[in-house]
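K.L.:
This is what each chain is made of:
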Amino acid sequence: MSESGTPIIRLYSNLIVPIQGTISDAGIAGLREDVTRRIAAEPVRGLILDMSALSYMDSFVTRVVRDLALIARLMGVTTVLSGLSAEIAITITEMGLGLSGVVTTLNLERALEELARQREEESRELDIGQPSSA
Amino acid sequence: MNSTSGSQAQRSSGGGSDALQALLEKTFAPVVARTLLMVARRRANCPEGEISGGVLATVVREIEGSLPAYLADPERRRACLSALRAFLGERSTSGTSPIVARLVPINSDADMRLVTEAARSCARDAGMSVLDQTKTMTVCAELARNILQYAGSGELRLWLVDRPRRGIGIEAVDRGPGIADLARVLSPSYVSRTGMGIGLQGSRRLVDEFDIESAPGKGTSVTLRKYA
Chain A
1 MSESGTPIIR
11 LYSNLIVPIQ
21 GTISDAGIAG
31 LREDVTRRIA
41 AEPVRGLILD
51 MSALSYMDSF
61 VTRVVRDLAL
71 IARLMGVTTV
81 LSGLSAEIAI
91 TITEMGLGLS
101 GVVTTLNLER
111 ALEELARQRE
121 EESRELDIGQ
131 PSSA
Chain B
135 MNSTSGSQAQ
145 RSSGGGSDAL
155 QALLEKTFAP
165 VVARTLLMVA
175 RRRANCPEGE
185 ISGGVLATVV
195 REIEGSLPAY
205 LADPERRRAC
215 LSALRAFLGE
225 RSTSGTSPIV
235 ARLVPINSDA
245 DMRLVTEAAR
255 SCARDAGMSV
265 LDQTKTMTVC
275 AELARNILQY
285 AGSGELRLWL
295 VDRPRRGIGI
305 EAVDRGPGIA
315 DLARVLSPSY
325 VSRTGMGIGL
335 QGSRRLVDEF
345 DIESAPGKGT
355 SVTLRKYA
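Line by line, the protein sequences give chains A and B. Using this note's numbering, the first residue of the first sequence is number 1, and each one after it goes up by one. Using this note's numbering, the first residue of the second sequence is number 135, and each one after it goes up by one.
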């Protein structure tokens, strides 16, 4: 458990953050700090924000999520958003709130697969870039 | 913290809670009946006091949902279900649905949870789908956040309406600095530093009626309606 009250779980080279529905303004600021500190200190490649505990998402939470993804990207970490319910997806779309630029998956499992797949692709590209040693 | 007002708040005829308990005791032992009712009431956000008309349907629905776990025999389950339905039908035809009002004071971050819980239970009482419940919670959260951010404190009022359709009315009131140029804040091109425009405009798209009154120094009042 971090200072912000939101748990941050490390799994292999990913950070998993289950966003809580009851998070407060202060909690959000703390969470941003906690996540960036851990990205800087640990060999982390992916960040998963799991939204499955949320029962609604207003413009404030939407902005926080987008900002967190942007900050992570600037630090070289890919963010995947998982577990958005259909109701939340429809609501934020109707409100005109976008989450463009953030990869989303149906659930946590798919998020982990997506990050693994991206990493595999990256390493394959690296292999091609280097002359083979054989 | 939550107070219930409303000039026309009306009690359901007879004790809804006692009647339900008696009905359940025809099928279950008293202690099981009591547990069943208690769990359903908690889920329906009405753990104590008398069960008012709008909430009664929700409580009965919750009881129905947990019946399979308590009653393995399909015959007895069917009998209990039809008794519950008959009970609800009897109640809902006796008089119009009551007008329930809820008032949630907004003073700090901690009140956000009360706001969205009240919004959810009101939307549920109005017979809204989960999608519309989500929209209602989102709108109320937007309004409450605006109040916290710009006025510091205020209150949110929720009530059930049944004309022209079933739904809920929402009013967010504060005595904050007010909005000088309403037209500008509500215009699609407006984006504030803090994102208020986005929240208000977004909220407007989620509801059926939207009315806002504000003047500098006089505070702001946003009145909405959303139908089920």
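Among the hints, erroneous ones may be present.
For the chain B half of the interface with chain A, some residues (derived, Cβ under 10 Å), not all of them [claimed, not checked]:
hint : residue
1    : Arg-247
2    : Thr-268
3    : Ala-275
Only some residues are given here: those of chain B computed to face chain A with a beta carbon under 7 Å [to be verified]:
hint : residue
4    : Arg-211
5    : Asp-243
6    : Asp-245
7    : Val-264
8    : Leu-265
9    : Lys-269
10   : Met-271
11   : Thr-272
12   : Ile-332
13   : Gly-336
14   : Gly-351
15   : Lys-352
Just so you know, the hints here were simulated from the structure itself, not pulled from any lab data. The beta carbon of each residue, even a glycine, is placed where N, CA and C say it ideally should be.
K.L.:
Tell me the numbers of any earlier hints that the structure contravenes, in ascending order.
P.N.:
4, 6, 14, 15
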